[in-house]
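Protein chains in written order, with the working numbering: chain A, 1 to 280; chain B, 1 to 415.
Don't take every hint at face value.
Below are the DSSO-like pairs computed for lysine-lysine, each with C-alpha atoms no more than 30 Å apart in a straight line [said to hold, decoys possible]:
| hint | chain 1 | residue 1 | chain 2 | residue 2 |
| --- | --- | --- | --- | --- |
| 1 | A | Lys-165 | B | Lys-133 |
| 2 | B | Lys-107 | A | Lys-188 |
| 3 | B | Lys-255 | A | Lys-188 |
| 4 | B | Lys-255 | B | Lys-270 |
| 5 | B | Lys-115 | A | Lys-188 |
It should be emphasised that the hints constitute simulated quantities derived from the structure, not laboratory data.
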Amino acid sequence: MESHVSDKTRTWLGVVSIPIIIYTLIPILWILSLSLKSTATLADGKFIPHEISWDNYRLILTGDARGLFLPALANSVVVCLVATFISVVLAMFAAYAIARLEFPGKKLILTTALAVSIFPVISLVTPLYNLWRTIHLFDTQIGLIIPYLSLTLPLAIWTLAAFFKQIPWEMEQAAQVDGATAWQAFRKVIVPLASPGVFTTAIITFFTAWNDFVFAISLTSERARTVPAALAFFTGASQFQQPTGAIAAAAVIVTIPVVILVLLFQRRIVSGLTSGAVKG
Amino acid sequence: MAKIELKNIVKTYGDGFPAVNDISLDIADGEFMILVGPSGCGKSTLLRMVVGLEDITSGEMLIDGKRVNELAPRDRHLSMVFQNYALYPHLTVFENIAFPLRLAKGKHSEEDIRKRVNTASSMLELDEHLERKPANLSGGQRQRVAMGRAIVREADAFLFDEPLSNLDAKLRGQMRTEIARMQRRLGTTTLYVTHDQTEAMTLGDRVAVLKKGLLQQCASPRELYEQPVNLFVAGFIGSPPMNFLPARVDGSTLKLPFCDVPVSGELAQKVQGAEIVIVGVRPEYFKDASLDGSKGVDFTAVVDVTEWLGNEQYAYIPFEADAAVKAKLDELDRDLDGEGMRTQMVVNLDARSRIREGEEARLTFDPATMHVFDPNSGDCLTRDEAKAAAIAEESEADRKRALERVREREAAEVG
């Protein structure tokens, strides 16, 4: 995108953004630094590790904590990917209907979705725990996917509906005149045009599920536990030792896929794909 | 190739407002039909009903004698160019044009598609842009891609929805001739919506003039120009528009603001009993009396402003409209999307004329060229049905000859 900002404004924006960048980066770098410190130097108060030690990574990937971390990582990946996929597909259909069709109860659906998304999660956990135990969904991957869906769907529907509304009606009408069925017009014209929206939604959905702690700790035990929950069960070498280093290392590892994901899709998200569709 | 028949088509919206009211039109095979009218006259709605994007409230639509009211757009075999082009931004120019062919699964081989797209693109001079995306094209190029997408499928008819309104004036002129050339060459039935009377006059075999959802007149451009049925058509067709002057009837004389015109014969009978009529004279029928001599009725008037354009010049002469017809003329002005400006007469003079602003000018016109309208109904009292029929016959013969030539050329190319 071409920016039309003057040089002076640009300089100012740069100056202002530096403290923000530092503010957001320091915790991440700190965790990275912690994960590279040996147990003895953990509390030395130095930002840059005295000497780099891979002990923490060894511990969680091949050592004692392996049994706890690796299954959790696998659970996280499966649960989040499945939840994201289902959520995006469902949201796509729902958002398309909301953007294009006039039907009674449309407002109601949108407000309900919004209400659900601002509902405090913690108040749902206890009844859900009891319910899941009764119907045997406790400590299963599905038992996590379902709450994640209801958590992410409202946001996904709202984002996608906004994207669909931006696409001019004429696109579908042109496709229909060209000989497309409603489904073909949706698949071949609307979905590609909305792909920045779809990717944005997918990433937001994935993050929400990936970072969730409350559901993960309450609705799982051994088998379906995801990484954020698993981190709480790390133990040190002895009961007098804090597992700080191991937790830091695990945190770094779970951050990596997120960073990769954002870098991969960043271009698709920002590209204004609809430009050139119509006059202008 | 198809003939499109509209029978008593009505479109009513939820609030009961009839956007299109009882319109019947026959569009012959290979004919270039224009729907024209000021904004909100229902012309686009009518087009969208033909293509199937709007439901038809009542009436019947036939394509080649087959009722299509209930058919989905894709089953009507029509192609359409949208006002804002509606190109697919994620596809290249080639894929945009090939899109309709790819949708017809199994009908076209890859090679066939390539051949057809290339034919269309070379016709529209898009060859060097085939791999580009619509976002990187200029307005005129996008317009041509939209046309390419429409012609590649060899649809039964082309529909255009104000295709040139987004282009600048110069490009609009070029594309107008391009569309005319393409239609003649392909000989495909075409329905074209515009609000621009120049496009309507230059492109159409026949022009249907609409006002507030009602069909006013459907005729060849020449007939509309020379034999309009009512005030609205007379005022809409022609640029600068026809002058409407109030005239008091006094026996067999019409008293115009600047002069008296004697009437006789049939017209005298028609205006008898009426107190006041509206006289319409086209700007070009006024002449500079000092240059051309008398044409029948002479008068002098003070010219307010002149505009010299090189090949011609316009002179503007303000006048006070008679209170009895002021309301009618104002209403007409509103119907024509006017601004309710002062009543003035426009005179299109020879460029050699030495009439300058502020001067008293001697002008003349032939009373046979004037139209007389009933101020209440708006009907034209001077319309000559016999002449109108003759003009219609001539233009129909012209059109058939043009189509014949296309067929002959095609046959020659094939043979």
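### Message
Holds or violated: Lys-107 of chain B and Lys-188 of chain A, Cα atoms, limit 30 Å.
### Response
This hinted pair holds, its Cα atoms lying about 18 Å apart.
### Query
CA of Lys-255 of chain B to CA of Lys-270 of chain B, is that 30 Å or under?
Roughly 16 Å between the alpha carbons, so the hint for Lys-255 of chain B and Lys-270 of chain B holds.
### Message
Please verify whether Lys-115 of chain B and Lys-188 of chain A have alpha carbons no more than 30 Å apart.
### Response
It holds: about 23 Å lies between the C-alpha atoms, which stays within 30 Å.
### Query
Holds or violated: are the alpha carbons of Lys-165 of chain A and Lys-133 of chain B at most 30 Å from each other?
Distance of about 22 Å is within 30 Å: holds.
### Task
With a cut-off of 30 Å on the C-alpha distance, tell me whether Lys-255 of chain B and Lys-188 of chain A pass.
Violated, at about 67 Å.
Checked against the numbered hints given earlier, this structure breaks only hint 3.
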